[in-house]
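**Student:** Which chain is which? The protein sequence lines are L and G, in order. Per my numbering, the first sequence starts with residue 31, numbered consecutively. Per my numbering, the second sequence starts with residue 44, numbered consecutively.
If you are wondering where the hints come from, they were derived from the structure by calculation, not from laboratory data. A quick note: this is a predicted structure, and the numbers were derived from the prediction, not measured. A virtual CB, placed ideally from N, CA and C, is assigned to each residue, including glycine. Please note that the accuracy of each hint is not assured.
Examples of chain G residues lying across from chain L (beta carbon under 8 angstroms, computed) [claimed, not checked]: (1) ILE48; (2) ILE50; (3) THR55; (4) THR102; (5) ALA105; (6) GLN204; (7) VAL205.
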Amino acid sequence: MTEYLLIIISVVLVNNIVLTKILGLCPFMGVSKKLDTSVSMSAATAFVLTVGSITSWLVNYYLLIPYGLEYLRTISFIVIIAAVVQFTEMVMEKNYPYLYRVLGIFLPLITTNCAVLGIPLLNAQLSHNLLEAALFGLGGALGFSLVLILFASLREKFEGADTPELMRGSALAMLTAGLMSLSFMGFIGLDRL
Amino acid sequence: MIEAILITLSITIIIGVVLGYASIKLKTTGDPIIDKIDKILPQTQCGQCGYPGCKPYATAIANGEADINQCPPGGDDGIHKLADLLGVEYKPLNAEHGEPKPKSVAIIDESTCIGCTLCIQACPVDAIVGAAKQMHTIIEKECTGCELCLPPCPVDCIDMQVIPETTENWKWKYPIYKIEQQN
């Protein structure tokens, strides 16, 4: 039990996918201007990440490893993730049309979010079992959401703050991201994984 | 080698089948949110919101280009309904786009009408019949009360007439005081 808890804590705080592994920076910078959209974006990414890591674990374990086809891992994971994203998009368009419109182009762009490919690849590399893989995916998604929402809230605050003119916009965002990454280094030592 | 091809093929075929089935099962016709917004709008096609009609305004709301408080004929009630549908905060009607008025129809004073057809071209719902140099008249049932025919008329023969309240069209009114405002 503690093992599973450790996986979650480790991937949310210590090995945070965005701030420590520097994956998934495109939505981190792109969708963090408004808190509302960043919340829905993290929800969509969380779903895709969890389902994607489970399905790619199944494919990896039952199809690729038994036939010694590990070299096909990357390409088959890409195909699977693209399919999961496509499916999510269809479900969302049908059931949550407003959310679908708000997310717009960012929804299909989850396909190219490297965090979503990175987590299944790390799963395979660390030879997790199914439950561990699912928790790893979920934890990665939680970590991603946490950081994205924190960052979006910070950026919303900056909009009204009295900041030097040269620093406004992307420059300040980059610096903030760097500082956040530094502060997340404080979590090192929380786990032994 | 053969295994690699077979496995890649089977993965793609399974995914193709699942996605194909899902696309039939989860098919959406048109854009449901635009239709839902369009249904709430009063369909006067008056253009007071700044868009050429109710459907374009609904599209603009759905795309996030327009605010929900630009429709005077829809009134407060319409804004409340839109806010509920879209899950956003209610906001009072934007006065720039006009004041809500009682529902009325246009009436042409037939003795002064010169038959210029200008109002026919302006009417968004084709509620005016007539021909060049013949007097025009308005089909009351079709008229939405949008007032778009008033400015083009060169002899000012069109009047807006408030529809009187009769037993046919009377409705229960909403309470004047909100419950939480009473104490």
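**Student:** Among the hints numbered above, which are violated by the structure, and what are their numbers in rising order?
**Tutor:** Hints 1, 4, 6, 7 contradicted; others consistent.
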